[in-house]
Every structure is written in C-alpha cells, then in structure tokens.
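Following the hints, position chain B against chain A.
One line per chain: the protein sequences are A and B, in this order. Position one of the first sequence corresponds to residue 0 (numbering that gives the first Met the number 0), numbered consecutively onward. Position one of the second sequence corresponds to residue 0 (numbering that gives the first Met the number 0), numbered consecutively onward.
Derived by calculation from the structure, the hints in this document are not laboratory data. A couple of the hints might just be wrong.
[What the hints assert, rightly or not] Below are the SDA-like pairs computed for lysine to any residue, each with C-alpha atoms no more than 25 Å apart in a straight line:
1) A:105 - B:1
2) A:217 - A:199
3) A:176 - B:66
4) A:105 - A:217
5) A:165 - A:192
6) A:21 - A:70
7) A:127 - B:7
8) A:127 - B:55
9) A:127 - B:2
10) A:127 - A:168
So you can see what is in the structure, the chains are spelled out below.
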Amino acid sequence: MPEEILAVDSVGKTFGGRQVLKAASFWAKEGRITTLLGRNGCGKTTMLRIAVGEVRPETGVIRYLGKAYTRPRLAVLARRGLYYLSERPRLPVTWCVETQLQLINKRFGGSSFGDVVETLALGDHLGKRFHQLSGGESRRAALAGALIREPTCLLADEPFAGMAPKDQLIIGQALRKLAATGTAIVTAGHDVSPLLAVTDEVIWCVAGTTHGLGAPEKARTHRQFVREYLGWHS
Amino acid sequence: MLPWRYTAIFIWRTFLIWLCLHALTAIQGGFRAFALKAFLLALAATVAVALLDAERRNERRYLANLGVSRVGIGVVVLVAAVILEALMHVSIGS
Chain A
0 MPEEILAVDS VGKTFGGRQV LKAASFWAKE GRITTLLGRN GCGKTTMLRI
50 AVGEVRPETG VIRYLGKAYT RPRLAVLARR GLYYLSERPR LPVTWCVETQ
100 LQLINKRFGG SSFGDVVETL ALGDHLGKRF HQLSGGESRR AALAGALIRE
150 PTCLLADEPF AGMAPKDQLI IGQALRKLAA TGTAIVTAGH DVSPLLAVTD
200 EVIWCVAGTT HGLGAPEKAR THRQFVREYL GWHS
Chain B
0 MLPWRYTAIF IWRTFLIWLC LHALTAIQGG FRAFALKAFL LALAATVAVA
50 LLDAERRNER RYLANLGVSR VGIGVVVLVA AVILEALMHV SIGS
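Excised from the complex, chain A in its bound form (with noise of 0.2 Å):
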C-alpha cells in the first residue's frame, strides 16, 4: 500500500456567498499520480491552492508528511519537499531559464540538469528568458523545475493545458518517470485524454465535494461520472 504523502481532508470554501467547496478531499500517494476532474468552478484549483496556503480554507485540515496544518504555507512545505505548478507556471523573467533551473539544482540537489533538459527536450532554450518562450516551451520550462528539484510531493495544476500533442506526450512521459522515483503527484485539468492516461487515480469533484473513482479504468464506467462530466470522451 503506497504511503500518503499528503492528505486534504474535508475543507470548505465560500467565495462571494457561494460555497464551492462544502468537504471535499484529496490525497496524493507516494509513488503515485492521482488526478482531479470535474467541470468549471467545482473548485480544483481551488483546492489545490488551499493545499499550498495560497487560499485559507474555513474548515477542513491539510497533512503533509504526517504534520497536520490548519494555515499550511508553501515556502514551509517546499522545504520539506513540496513543489507546486499553478495553473499558467511561469518562471521569472529576471534571469534566463538555465540560470533559474540552475537555481534550484543548486539548492535542492535532486535530478541530473543534463537529464532534465534532455526529457523536457529544453536544450535550444536554455539562453532565453521565460517570456521568449512559446506555450509548450514556457510548460516543459515551469515543469523542468520540478523535475530538477525531485519533490516528494508534486502539486501540477492543467499539466497539459493549452499545449500540443507532442508535447503533452513529452510532459506525460516527465511526470511518469517522476512518479516512478516515488514522488506522490496530483494533477487537475480538463484535458480528459493526456490526464486519464497518465494518472493512477481518479478524483471526481462536484457540488462542493469529491468522490474517488479508483483508476481511470474504473473511472470511465461509473455511469453518473461519464453522464454528468466525461460525455462524448468516454
């Protein structure tokens, strides 16, 4: 049984009177990729920004590594091995992308930087600043971070948003071999294809809570699921 790296138990969230989250829960094992779905406004990225301290729940409890935090911050859980991607990563545009990864490489240690490059395919970028880069560059860039660092938990909001075929495959294929080193990742997104097949472990959010699928095998029969969220992409 995989260990739980991290557990977001029953928080809730009122923005402008409407209550997006009542108590819902997730939890990202070691070794393991587990992935939320659910439409627009169910509060994912919700969530996963109460996980890091971005967002202060109103109830509910976030354990790391066996410490529980009502006020989690994310410089605090980075320390102890956090690393989070939001939804649009960027990296800052004061210096170029080598001399930032390079940043991190020095402070964490973590995976080779040659190795890093090479997976995200980011060797004709490393000269140029974040904002010089495309989509699909600027992601597989946000992303070396990441890698680089070898978190023991990786929190990746929309992985694969936004970008092409190709390199969904590239990111699909980094964030596959992360897990294999046992990090516990949890991703969100709505891009159902590359997300479903990546992932461990499906979490369905909806009408404030969530629900756990199991794997994308299983999630992909539950007939509410595919009815009231995957539609034609089942």
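Below, chain B alone, put in the same frame as chain A:
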C-alpha cells in the same frame, strides 16, 4: 535563505524605491500645488501596483518553491532600507 542573485535584485529594487520616495518627498517639500500632490499620489499608487503585479506574484511563488518565505524577502528589503537610510544620514548628516 534567499539565493544571492535574488538578494542582489531585492537590494537593487529597494534602493530604487528608496531613492524614488526620497525624491518625491524632496519635490513635495518644494511644491505644494494640489495637482502635483495628485500626480505624486498616482505615481506612488503605480509603484505599489507594480510591486503587486503578476510577475512579482509569480516570482514570489518561484521563491516559495525554493523554500523562501515572504518574511525572508521582507527581512532582506527591511535591512537594505535601514542601511540605505543610515548611510544617507551618515553622509549628509541628520
């Protein structure tokens, strides 16, 4: 701990803002016109917004992933500002 490259960047930014604030104070002392005050307020608001823009937020997230908290950044900025202020008082007299 903040990487030295970012420490240098934050010290540089602190210097620029410190310089702007002192320049604004000096100008305001000389001219009391309402229009100028409004302009200075607008300028100060622009600087504040610039510090809170998406790029800065993104930079803080990058640094947080490196384990650097806002408090850590705040300490660097505060120490830099205090040193600049002290240097100014020493050089031109309080």
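Checked hints:
Between the alpha carbons of residue 105 (chain A) and residue 1 (chain B) the distance comes to roughly 12 Å, so the proposed pair stays at or under 25 Å and holds. For the proposed pair residue 217 (chain A) and residue 199 (chain A), the alpha carbon gap of about 11 Å is at most 25 Å, so the pair holds. At most 25 Å may separate the alpha-carbon atoms for a hinted pair to count; residue 176 (chain A) and residue 66 (chain B) meet this at roughly 24 Å. Proximity of residue 105 (chain A) to residue 217 (chain A) is assessed by CA-CA distance (about 42 Å); at most 25 Å being required, the pair is judged violated.
Taken as a hint, the residue 165 (chain A) and residue 192 (chain A) pair is honoured in the structure, with Cα atoms around 13 Å apart against an allowance of 25 Å. Among the hinted pairs, residue 21 (chain A) with residue 70 (chain A) is consistent with the structure: their alpha-carbon atoms are about 18 Å apart, no more than 25 Å. About 21 Å separates the Cα atoms of residue 127 (chain A) and residue 7 (chain B), which keeps this hinted pair within 25 Å; it holds. With a C-alpha separation of about 19 Å, the suggested pairing of residue 127 (chain A) with residue 55 (chain B) holds against the 25 Å cut-off.
Our distance criterion of 25 Å between C-alpha atoms is met by residue 127 (chain A) and residue 2 (chain B), whose separation comes to about 21 Å. For the proposed pair residue 127 (chain A) and residue 168 (chain A), the alpha carbon gap of about 23 Å is at most 25 Å, so the pair holds.
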